[in-house]
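Student: Okay, here's what each chain looks like letter by letter:
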Amino acid sequence: MNKNIGVYVCECGPNIPERIDVDKVVQEMSSMDEVKTVKKFNLMCSNDGKKFLKEEIEKQKLSHVVVAACSPKDHEKTFMSVCQESGLNPYLFQLVNIREQCAWMIPDKEEATSKAVKYIRAGIHRVLYHNPLKKKEIEINTDVLVIGGGLSGIEAALSLAGPKRKVHIIEKTDSLGGMAADLSQVLPHQGSKMDLIKKKVEQLESSEFVNINTFSQVKEVRGFLGNFEAVINTHSGNGGVEEKEIKIGAVIVATGFNLFDLKKNPIYGYGEADNVLNATEFEDMINSEKILLKSGKKPKSVALVHCAGRKEQGYCSKVCCLYNLKFAHYLRDHHPDIEVKELVIDWCLPHKQDQSYFEEAKDKGVDFIRMDELLKTKSTGDQIQIEFKTNDKSHSVSVDMAVVAPAMVPSEDTTKLADILNIPLDKSGFFKELHEMLDPVSTPMEGIYLTGCALGPKNIHESLTQSHATSGKIFSTLVPGRKIEPEVKVSEIKEDLCTGCQTCLSVCFYGAITTDSFKGVSVVNEAICRGCGNCVGSCPSGAIRSKHFTYPQLYQEVLDALR
Amino acid sequence: MEQQNVLVIGAGVAGMEASLILAEAGLNVHLVEKESLIGGQTIKFEEVYPNMECATCMIAPQQQDVLQNDRINVSLLSKVQSVEGSAGNFKVQVKKKARYVSLINCIGCGACYEPCPVSLGNAFEERMSQKKAIAVACPGALPNAPAIDPEACLRLNGKKKDCSACQEACGFDAIDFSQKDETVELNVGAIIVATGFDQFDVSTLPQYGYGKHPNVYTAMEFERLYAQNGPTEGELTLRQDKPIKSVGIIHCVGRKQEGYCSGVCCMYSMKFAYFIKDKVPDADIHEFHTDLCIPGKSHQKFYNELKDKGVHFCRFEDIKVSGQNGNLQVRSTNSDGKEKSTDTDMVILSPALTPPPDAEILAKSLGIPQDSTGFFSTQNQKLNPIDSEKEGIYVIGCAEGPKDISESVSQAEAAAGRVLSFLQ
Amino acid sequence: MEKKFKPNIVGFLCNWCSYAGADLAGSSKTQVDPSLSVIRVMCSSRVNSNLILSSLLWGADGVLVAGCHPGDCHYEQGNYYARRRFALLKKITKILNLEPDRIQLSWISASEGKRYAEIVNQFARDITKKGPNPLTRNSQT
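Protein chains in written order, with our numbering: chain H, 1 to 563; chain B, 564 to 987; chain P, 988 to 1128.
Only chain H is shown next, with the shape it has when bound in the complex (with noise of 0.2 Å):
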């Protein structure tokens, strides 16, 4: 190929030439063999800027561009539509930063004149190196399988299914409506009608866009975004066994959660003591709107018990404090004969509606009793004794029941499913997200989403809006009838140095990298890869090139950094 390569110094207005010696640069370049044109331009990413360039590289028919200017991070993008604009490969071309890390940290003139010219030698030396890189595009399918049929998981289902997008919904059990569907009243300001919940069933079931699969599991998973295949077994009634494979574009993990076993800790006196019960026996116990001890007796006082499990699980679940408060509510307002003692640790009440509820709930008289640690639950006779800490002095309460708030945990198949999928889970046992901040429905397999308590403890808006977040993001990823397109800046494998040692599919953080067993080799699926180089960095062997930060590429900046 004939190298032509045009070099461009942007002034910057006055911001290059009062540091550097534009000229003195330009002359310097001029002398190099491959460069064909060397000039100045005032501002390069003005529209007249644009415009010179295009027209640069159309009449020079230019091979190679080099813009000396500003930080990549500003204009990069600028001159490599420029570039293709005018018919060159994007890639073909190298921003060199003399405003940021040149001009603008080096006083004194000559120097950085000198630290410029070195930068640019190294941008022209590198874009020799340069291939045109080209995009690809996959084609996808825009379908999407839910993994559990719990309110999360339900309401994502809601959400994505249309006619252009058909969603699988698999749930372990034989309904759908997970641990909310059990639940004797939703909070007040979370809404108070459990019909809500069967109404989205009776909606999702009546869809036509929906396929539901109950007694299901999923068995496998492969492929990535766009293109998944998954093996699903479901489990019919003569204990035979189904299996059935099916194609998505996008994955949904909606399993939940489970509550922390009290029997766990002996300072619960959950299973030892008679009338300590956890917060699901008492909601079937509301549910069945009847409030009786063992005996059949009716409690003359309550202790509801928070945070049973939170220091053994090394978090707070969010949600009881307010679950408790609700129980208050309850008693208050059904049975006020009963006195109400809540025992608790911190009031962790973070919505803007829960303090209302908490004042309430005190001017119905329930007694909020603090604790700073919960020390022994024991039956004494026909009561229960509750002893706890508070400002390091023991004391105690008596009452006829307890009901003790278990903190929740990581649903059971969590590990299992975590290995079928390829994704993390963190220190506490939950599904990890990508980014706790910045992407928090994501994993770092794209494509699988997670959505409610999967994640972590939450409430049912939360985790409804977790939901809503993850059609959010599979509706801009996967839209019907478009391709997508993956990062162009990926690693490579070079087949013939690869030792099939599999270092480099360890270091990939996002499992982009499989081993062909056939050819004893690495694969890199550039649909997945992210160009981010760990895998170069870890080749012994020097097999995998990352496109455009290639070795030649910089070395040849090395190079000229010691020239």
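Since the hints were made in silico from the structure, they are not lab data.
One or more hints might be untrue.
[Said to hold, decoys possible] A partial selection of chain B residues facing chain H, derived with a Cβ cut-off under 8 Å:
1) 611
2) 802
3) 897
4) 900
5) 946
6) 974
7) 979
8) 983
9) 987
[As the list claims (entries may be wrong)] Straight-line C-alpha distance at most 25 Å; calculated PhoX-like pairs for lysine-lysine:
10) H:263 x B:864
11) B:597 x B:743
12) H:290 x H:364
13) H:199 x B:953
[Stated by the list, open to error] Here are the in silico distance ranges between beta carbons for each label pair:
14) B:954 x P:1037: 55 to 61 Å
15) B:591 x H:391: 56 to 62 Å
16) B:872 x P:1118: 40 to 46 Å
17) B:658 x H:234: 55 to 61 Å
18) H:219 x B:932: 45 to 51 Å
Ideal Cβ placement from N, Cα and C applies to all residues, glycine included.
We have chain H already, so just place chains B and P on it with the hints.
Tutor: Coordinates of chains B and P only, in the frame set by chain H:
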């Protein structure tokens, strides 16, 4: 929906995320922001809990994406004036204030600041530093171009009509005094409200000594004091200069008055302890809290870590700050009525998050109600937590109520999901 | 003969944090020692011993690798890998009779323009004090 356009009000972390998702799906987004820069409150933080990530590093790529996205039309210094119509076809009037600096011509070199004769308190820095009448809010602001404050600028406020110091210094013809405020009409199918939060005004509660004792800081002041790109470049230099040996951090300021727990203050207050331990390892740090509200799955670990580092935690029922000659005294009373006095050199107040002052006006223009707390209300009862009472208008982030970045981003993505689900 | 020694330092900066930090140093007009030449990589994990050792063997007086702070990596865990590889390389440099303190790994965030300048300036001072890379001392006249 007749119009494939969406209006997003507020270019903080939630507004930006919603805009990016909608744009990626192929919709056109009008992103309206009242300030001269995008990024909202998050860019004021040096690091965010619980992983102590650099907020700038986290947000900057997102800001760049927003500014470079052809489908997102960003209007800065702009406010929504009125909204007519209904879901699928809203007509929105947006008032856009003149910046007096051309975003096309300006390259952000900053040559215009120096010659400007007017200095004023920089609101972005909680007025802890001065800026010129033409300035960017902070180094690294995006878009990287200043704006002229028309009330401070001598030429624009009429005090010195021939001043053209900045214009003369500008080598790019970027300063344009002829720019006028303008009103733009937009046609959109849906509206996403992401107008964020304000802080409870701590000076209304004299018992905390704010304003009286110089070394009593608000949380936001402390965020900027600690920030590398802030007024002291990250040095913990006190207003009344003295070495920091002991610090009191007081939680729940304004909780009682506002009637709700803001959910984020416990964590960021603990983040402050982390910051101070980092810069002044020997400092005694006292966290004065009521309820520790730390509901994230990784948050309690953060708390345990701080306890291990020797941060003192003290639960109070009542608290008061007094002082003399720069020495501050925090007197806290516990649930048994026992009083304790702690000497400190610095006090940081963690105030409640409140609705922004213009929430009421916006609520009226949009025709959506506020709840008793002043935040916008949503259809919580119907299990539609981000849908406002009006179809086609969604409320996300702290506009809906206090919450952390993670929840705000979830809601932003959810709002995009709602809009896109509606369109399919 | 003793002309004032000005070192040649190669700096590999990750695109997301450290390179942005360097940009911020510039746009805040902070003075930074010109002996360091910046090479942009997407992630500090891309920088392995090949790049660092080649730089030293070709005459670099010092090599600085800078990435996002632990926990801040744009690619989640890249900087942890960089750290491990770096620790290993430090050990190897001794075996190769190279001076381990000619290579440095630092964490610089996008908001730490000032810190970038401080780190580069300090590293440049340290290397200046050490004098030229012994591998090239004799070959250069």
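Student: Does the nearest C-beta of chain H fall within a distance shorter than 8 Å of the C-beta of residue 897 (chain B)?
Tutor: 6 Å, holds
Student: Looking only at beta-carbon atoms, does the pair residue 658 (chain B), residue 234 (chain H) fall within the given range of 55 to 61 Å?
Tutor: Given about 59 Å between the Cβ atoms, the range holds.
Student: Mind checking the CB of residue 974 (chain B) against every CB in chain H and telling me if the closest is under 8 Å?
Tutor: 5 Å, holds
Student: Regarding the pair residue 290 (chain H) and residue 364 (chain H), is the alpha-carbon distance no greater than 25 Å?
Tutor: 21 Å, holds
Student: Next item in the hint list is residue 979 (chain B). Is there a CB on chain H closer than 8 Å to its CB?
Tutor: Check passed: Cβ of residue 979 (chain B) comes within 4 Å of chain H, closer than 8 Å.
Student: Is the Cα-Cα distance between residue 199 (chain H) and residue 953 (chain B) 25 Å or less?
Tutor: Holds, at roughly 22 Å.
Student: Is the interface hint satisfied for residue 900 (chain B)? The criterion is a beta-carbon contact with chain H at less than 8 Å.
Tutor: Violated: closest Cβ of chain H sits about 10 Å from residue 900 (chain B), beyond 8 Å.
Student: For the range 45 to 51 Å, tell me whether the beta carbons of residue 219 (chain H) and residue 932 (chain B) fit it or not.
Tutor: Once the Cβ atoms are compared, 49 Å apart, the range 45 to 51 Å for residue 932 (chain B) and residue 219 (chain H) holds.
Student: So if I understand the rule, the pair passes when the alpha-carbon distance is 25 Å or less; does residue 263 (chain H) with residue 864 (chain B) pass?
Tutor: The given pair, whose Cα atoms are some 24 Å apart, holds under the 25 Å limit.
Student: Does residue 946 (chain B) meet its interface restraint, that is, does its C-beta lie within less than 8 Å of any C-beta in chain H?
Tutor: Since chain H brings a Cβ to about 5 Å from residue 946 (chain B), closer than 8 Å, the hint holds.
Student: Does the closest beta carbon of chain H sit nearer than 8 Å to the beta carbon of residue 802 (chain B)?
Tutor: Residue 802 (chain B) check fails; min Cβ-Cβ to chain H is 31 Å, beyond 8 Å.
Student: Using 8 Å as the Cβ threshold, decide whether residue 987 (chain B) counts as touching chain H.
Tutor: The hint holds - residue 987 (chain B) has a Cβ within 8 Å of chain H, the shortest such distance being about 4 Å.
Hints 2 and 4, counting from the list given before, are not met by this structure.
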